[in-house]
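Let's have the full structure, built from the sequences with the hints guiding it.
Protein chains: 4
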Amino acid sequence: MNDQETLSTSTRWLPEEELSFVRERVPTVYVEAIPVRTDHLGVVEKVGLLLTARPDGTLTRSIVSGRVLYGETVREALWRHLTKDLGPDAEPLVPATVAPFTVAEYFPTPDRTGFTDERQHAVSLVFIVPVTGECVPSQEALQFSWMSVAEATSPLVATEMSGGQDRLITMAMAHVGCLP
Amino acid sequence: MNDQETLSTSTRWLPEEELSFVRERVPTVYVEAIPVRTDHLGVVEKVGLLLTARPDGTLTRSIVSGRVLYGETVREALWRHLTKDLGPDAEPLVPATVAPFTVAEYFPTPDRTGFTDERQHAVSLVFIVPVTGECVPSQEALQFSWMSVAEATSPLVATEMSGGQDRLITMAMAHVGCLP
Amino acid sequence: MNDQETLSTSTRWLPEEELSFVRERVPTVYVEAIPVRTDHLGVVEKVGLLLTARPDGTLTRSIVSGRVLYGETVREALWRHLTKDLGPDAEPLVPATVAPFTVAEYFPTPDRTGFTDERQHAVSLVFIVPVTGECVPSQEALQFSWMSVAEATSPLVATEMSGGQDRLITMAMAHVGCLP
Amino acid sequence: MNDQETLSTSTRWLPEEELSFVRERVPTVYVEAIPVRTDHLGVVEKVGLLLTARPDGTLTRSIVSGRVLYGETVREALWRHLTKDLGPDAEPLVPATVAPFTVAEYFPTPDRTGFTDERQHAVSLVFIVPVTGECVPSQEALQFSWMSVAEATSPLVATEMSGGQDRLITMAMAHVGCLP
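Residue numbers (the numbering used here), protein chains in the order written: chain A, 449 to 628; chain B, 449 to 628; chain C, 449 to 628; chain D, 449 to 628.
Simulated from the structure, these hints should not be mistaken for laboratory data.
Just to be clear, a hint being listed does not mean it is correct.
[Stated by the list, open to error] Straight-line C-alpha distance at most 20 Å; calculated SDA-like pairs for lysine to any residue: (1) B:Lys-494 - B:Gly-562; (2) D:Lys-494 - B:Thr-561; (3) A:Lys-494 - C:Thr-561; (4) D:Lys-532 - C:Asp-487; (5) A:Lys-532 - B:His-488; (6) A:Lys-532 - B:Leu-489; (7) D:Lys-494 - B:Arg-560; (8) A:Lys-494 - A:Glu-599; (9) D:Lys-494 - D:Pro-603; (10) A:Lys-494 - B:Thr-545; (11) A:Lys-532 - B:Asp-487; (12) C:Lys-494 - A:Arg-560; (13) D:Lys-494 - B:Lys-532; (14) C:Lys-532 - D:Leu-489; (15) B:Lys-532 - A:Glu-599; (16) D:Lys-494 - C:Arg-560; (17) B:Lys-532 - A:His-488; (18) B:Lys-494 - A:Thr-545; (19) C:Lys-494 - D:Thr-545; (20) B:Lys-494 - D:Thr-561; (21) A:Lys-494 - C:Arg-560; (22) B:Lys-494 - D:Gly-562; (23) D:Lys-532 - C:Leu-489; (24) A:Lys-494 - C:Gly-562; (25) B:Lys-532 - A:Lys-494.
Please read all numbers here as calculations on a predicted model, not as lab measurements.
Structure representation (structure tokens):
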């Protein structure tokens, strides 16, 4: 197998210093998923949020979020991050279309779009993902909670989120017609 | 309970002659659903089509389709027609958003949009609906078949459909990125 | 020309009593348009609202809204209502796709969807329409105003709207990424 | 001004060797635009395609396509590539929403999605962009042509395109309801 084939067929993790080099030079592709519970008519009843400890020790609530690797499709990245963050029994229903409901553009400074990520310029494809199974926060998350739509879009929960993700929750609820 | 309350809280069937009167005067609201099977990544693998006998005795393949009744929400109409046509164990996943992936406008003559319905002018909200359960054609349908995407979008199957619904299948497969 | 042809090729207005008969029996198809001004990058800068006197003499702000007639396409209805309400020089840019950004379901009572219309059950296809020309309120409207996004989504303006249309403004601004 | 500020506020071009390094390690963010002419009702009448000489000397038809730079928004990248490829008087109408109508995932090999780009793994946000002004192909393109929808989706034109972009044209026409 030659190098070209290796390139094209395998996803690749990057050593930390290479990732830093890359992040300073091009936008990074992200996928984000807002987990929801729906009733049999498709009406969103609950929104799922992770509780995570940030590097500085503070707690933050967040949606499912992560990089698309080289060689990985958007669907594969969505599946990988959903099952990594919500556990193997979450049974997320990845949408039939790869068109995201919105695109969130994160910049190191808040003056561009309001979405911020001090590490990088990230272009994130954001999806609303119905989840039907049992969710167990794995890896870095401390907790995963299902909240009512009213709670998930409340000012209190907004203060517990960062980078502008609270705005994504509101945008998603507007999209599904569930704005309180 | 006064008349106004009756009006507003109950769905209503119409006697045939009233329905005819109405159909000659205003567009009729329809919902249509294209049943699909997806894999765990959301990729559409199969398209479901009903086989029905038309009034003139010929057979036709069709998607799930029906009127929205007075007092009924779009979601309720979708659920009613899906479970009526595919059986009570179909477990359709009604989308979280009520925005259809397209709107099909049926006219008595083909010169307006290419979608035709000799009975009426219908404005149809069309949805792609993943179906996870077992489908048993109920009521008027003779058969329900899962087909590959290639088969469902083939010229042969197109000739078995009517009113322009074959074009809806192609549009749906384009929407989910599964055009052959 | 026979009756069938008449039926299929001409749009039709209804005498008031026939419209009442119909409105009590089936949902009515509506189109609604939220007029916006965008900059060269497509960012929404202004939202346009009509000021209208209601039958009871009170004033209300509203978006462009009206029935789809028998025989009329959704695009034709959008164009007709936009040019009727905003004047012949408004130059609205009717979207290339007929899929609305959302569907608003109006019911006589508020307990179904939050969108209300005491006259009828209406299913409304709602579009965001960039308008590039000069707007002169025609017919029933008293005034047409361009507002900033912050003003159009403010609690004050919300109280000046009716039927839940303020929620449509918020949903539209969420859709275009302009939530304040 | 410190380094962090430089990072966050300016877009950046990359030397060729750095771009190569990056392209082998992460997916590249692209925007693509399918230029269309619409009538006053928004119906697509023409599709615009560039004619370009490829490095090997062969000619290829293509849509507007290019990288999103570090520090650049999706809208800015769309505007930059549209005005670069179609000239300063093209007057493209960048959509009000940043949600693309589809996402095209290009891989070095065709076995992943059917979209190919031998140079890289690119994740492309694809938009349908009405263009109202005069188009003059600038820079690398030899010619810019408006074609009928039938011609743009014909097998002949498909053979003149590369990387799977012919499929994007078909998907776009399906999206706007203009499939022949």
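These are the hints, each one checked on the structure:
1. B:Lys-494 - B:Gly-562: Status violated; Cα separation ~25 Å.
2. D:Lys-494 - B:Thr-561: Status holds; Cα separation ~18 Å.
3. A:Lys-494 - C:Thr-561: 18 Å, holds
4. D:Lys-532 - C:Asp-487: Distance ~18 Å between Lys-532 of chain D and Asp-487 of chain C Cα, so the pair holds.
5. A:Lys-532 - B:His-488: Given that 20 Å is the threshold and the Cα spacing comes to 15 Å, the pair holds.
6. A:Lys-532 - B:Leu-489: Within the cut-off at roughly 15 Å; holds.
7. D:Lys-494 - B:Arg-560: Holds - the C-alpha atoms of Arg-560 of chain B and Lys-494 of chain D are around 19 Å apart, at most 20 Å.
8. A:Lys-494 - A:Glu-599: Roughly 9 Å between the alpha carbons, so the hint for Lys-494 of chain A and Glu-599 of chain A holds.
9. D:Lys-494 - D:Pro-603: Holds, at about 17 Å.
10. A:Lys-494 - B:Thr-545: Holds - the C-alpha atoms of Thr-545 of chain B and Lys-494 of chain A are around 14 Å apart, at most 20 Å.
11. A:Lys-532 - B:Asp-487: Since the Cα atoms of Lys-532 of chain A and Asp-487 of chain B sit roughly 18 Å apart, the hinted pair holds (cutoff 20 Å).
12. C:Lys-494 - A:Arg-560: Given pair Lys-494 of chain C, Arg-560 of chain A holds - Cα atoms ~19 Å apart, limit 20 Å.
13. D:Lys-494 - B:Lys-532: Distance ~42 Å between Lys-494 of chain D and Lys-532 of chain B Cα, so the pair is violated.
14. C:Lys-532 - D:Leu-489: The hint holds at about 15 Å.
15. B:Lys-532 - A:Glu-599: It is violated: about 36 Å lies between the C-alpha atoms, which goes past 20 Å.
16. D:Lys-494 - C:Arg-560: At roughly 43 Å apart (the allowed maximum being 20 Å), Arg-560 of chain C and Lys-494 of chain D break the hint.
17. B:Lys-532 - A:His-488: 15 Å, holds
18. B:Lys-494 - A:Thr-545: Distance ~14 Å between Lys-494 of chain B and Thr-545 of chain A Cα, so the pair holds.
19. C:Lys-494 - D:Thr-545: 14 Å, holds
20. B:Lys-494 - D:Thr-561: Status holds; Cα separation ~18 Å.
21. A:Lys-494 - C:Arg-560: Answer holds: Lys-494 of chain A to Arg-560 of chain C is near 19 Å, not above 20 Å.
22. B:Lys-494 - D:Gly-562: 19 Å, holds
23. D:Lys-532 - C:Leu-489: Satisfied, since the Cα-Cα distance of roughly 14 Å is no more than 20 Å.
24. A:Lys-494 - C:Gly-562: Given that 20 Å is the threshold and the Cα spacing comes to 19 Å, the pair holds.
25. B:Lys-532 - A:Lys-494: 28 Å, violated
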